[in-house]
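Asks: Spelled out from the first residue to the last, the chains are:
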Amino acid sequence: MRNSAGREAGAAPRASCETGVDGQTLHIVAAGDWSIVHLDPVDRQLRALLAAPPSVRRAEIDLAAIDRFDTAGACVLARTAALLRDKGLTVDLKNMSEAQRILIDKIDAGGMPEPVRHLSEPLYIQVTARVGEAVRAIGEEAMGMLGFVGAVVATIGRTIVHPRRLRVVPFVHHMEKAGFDALPLVCLLTFLIGAVVAQQGAVQLRQFGAEVFTVNLIAIIFLREVGLLLTAIIVAGRSGSAFTAEIGSMKMREEIDAMRTLGLDPMDMLVVPRVLALIVALPLLTFVANIMGLIGGGVVVQLMLDMSPGVYIQRVQEAVGFWTFGVGIVKAPFMAATIALVGCRAGMSVTGSAESVGAQTTRSVVRSIFLVIVLDALFAMFFTAVDI
Amino acid sequence: MTMRKGEPIIEVEGLVTRFGDHVVHENLDLTVKRGEVIGIVGGSGTGKSVLLRTILGLKKPDAGRIRVFGLDLAEMPEQERRVHERRWGVLFQDGALFSSLTVAQNIQVPYREHLQLSQALMDELAAVKIAMVGLKPEAAGLYPSELSGGMRKRAGLARALALDPEILFLDEPTAGLDPIGAAAFDELIDDLKETLGLTVFLVTHDLDTLYATCDRIAVLAEKRVILIGTIDDMLLSRHPWVHEYFHGRRARAAFAGK
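Residue numbers (this note's numbering), protein chains in the order written: chain D, 1 to 388; chain H, 1 to 258.
If you are wondering where the hints come from, they were derived from the structure by calculation, not from laboratory data.
Be careful, since some hints might not be right.
Claimed, not checked - As a list, the in silico DSS-like pairs of lysine-lysine whose alpha-carbon atoms are at most 25 Å apart:
| no. | chain 1 | residue 1 | chain 2 | residue 2 |
| --- | --- | --- | --- | --- |
| 1 | H | K223 | H | K59 |
| 2 | H | K223 | H | K60 |
| 3 | D | K94 | D | K106 |
| 4 | H | K33 | H | K223 |
| 5 | H | K136 | D | K106 |
| 6 | H | K193 | D | K106 |
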C-alpha cells in the first residue's frame, strides 16, 4: 500500500507525499515544494487517505524532505494532523524545522478554523424563497415608490408656494440634457418609423383600393400613440438611466449625506429639477416627434402614391381633430413624471457597491418603460370611456 | 527560498516621476533589504503613494531604474512579469476589495486566476487567512459594503496575503483605525514578518506604527529620500522637517514611555 502524487516530470521538485502502513503506524513522508503552487495533488491525495483511513493507532508525518513551505502547506498539514487525531490516532510530526513549527502553530493557534461554507439549500426551497422574496420586494418597492412620489409632490408644492426654492440652473441644465440633446435621435427614429408605417399601410390598403387612407393611418397613429410612446421609451433609456446613475454614484460617495448635513434637501437639489425638467421637455419632444413622423409618412406617401405635399397637409387636416393631437400630448407630462420619478428613486436606492449602481440603472430603465406602456394602456381605456 | 535575508529586494535608482510639469521625484534612490519592515514617511504631497505605485508598475517612471527581486520588471514581457507580480501582495488604502464578491471570494480571486485548486482547499485557505488577519469566521460570507473600515483593511490584507507573498506593500494601513485596532494591526504586521519572513514596505503617517514595527525608516522630502535609518537616526537628525516630525507634540506623545 504505497501511494505518491505530484512526482511528475519537471526540474523543480514538486510537492510529494508518500504514505505507507508499517504495523500499527501510518507513515506519511512529505517532500519537495509544499507551497501553494504545487499543493493541489498532495491535498487530494491526503483527503482521499483520510476518507478511508487505515486502521492503525499511530501516525508519523516526516517533514525532513520539505524544501519549501508556506501557510498553504502548513494548513494542509495541520488539517491532516487534526483529522487524524480526531480519529483517535496519536500523531507525531517528525523532523520539523523551527520555521515550519512557527507556521503550523500559527494556524493551530486559532484552532483549525471551520472552512468557509457555501450555503446551498435544496432547489425547491431556493425557488420558493426567491419567489417569496420577489413578491415581498414588489410590495416594499410599491410602498417605497408611493412614499417617494408623496415626498416629491410635497416638495414641488413647497416650490410652488416659494418659487425661489426652484433651482433654475439645474432645471435648465436637465432640460437641455434630457430634452434638447435628445432631439437628433428622436427626430431620426420617428422619421424612419413614420416612413415605415406609411409604406406598410399603403401596401395593405392598396389591396382594398383605399390607399388614400394611408394619410389617416399615419396621422392618427402618430399623433395619438406612436409619437409619444417612441419618445417616452427613448427618453426612459437615455435620461431615466442617466438620472439613476448620477444620483446613484452621488449616493455611493456619500455626497447625498453631505448635502443633508449641510442643511440642503436632496429632493430640492436633485430630484425636483429633474422631474420638472422632464415634465416640460417630454411634451416638447413629443411635438417634434409627431411632426417628424408626419414628415416621414409624407415623404413615403409622395413617393408611393404621388400625393403632393399640399394635398398631404390638407388630407392630414381633414383626418385629425384637435383631440387626436390633444390625446397624445396630454399623456406626455404623466409619462415624463413616471420616468423621472422611477429614475430618481432608483438612484436614491443605491447602496454602497458599484454593482448596485448598475443593478439600479437596469431596474430603472426596465421599470420606466414598463410603466410607460401600462400607463398608455390605461389612458387608452380612459379616452375610450370618455369618447375622445 | 532563493534569496537570503539582508539582500536587497527592492532597488530604486535615479527615479524621476512627473505629472505634467510637476516633478514628484527627482533622482530618488532607495534600497529595501529582504526581511525588513521599512516605513516611508513624508509630508502630504511628497509622493509616498506615487513611489509605491511606481514600484508596483502602476505608474511608469519618467527616468531611472527599479529592480524588484533583483529583476527589472518593466523590461520583462507581460507574461513573465505576471509571474513575478504574484510574489508581492498589496493593501490599498481602503482595502480595494471587489465589491461584488464576498470576503472569502475576494481572497480566492488569486487562487482561481493563477492556480488550480479544489474548492475545498480554497475554502480552507480562505478561512486560514481570515483567521490570520484577525477577522471573525462569519466575515467570510459578508460583502465589502457590509464591513467596517477596519474590517475592510483586514480583509484587504488577507487578500494581499493569499499567495504568501515575499513582499507586502501597505498604503497607510492604520489610517482611519481606532487606536486599539491600529495597535492590533501593528502587532499583526510584526507577527507576519516573523512567521512568514515577509519584507514589508509601509507608507504611513502613524508614529506609533513607525515606532512599533519598522526596522528602518525612509524620509521623503525635496523630491528624494533625504534620510534613511532607524528610529534613533531619525531622532538625531538635524533636518528641520525630520526634527519637527519626530520631535513634534504628537511624536513626543507617541514615544513617551517607550
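Asks: Enumerate the violated hints, using their earlier numbering and listing them in ascending order.
Replies: none
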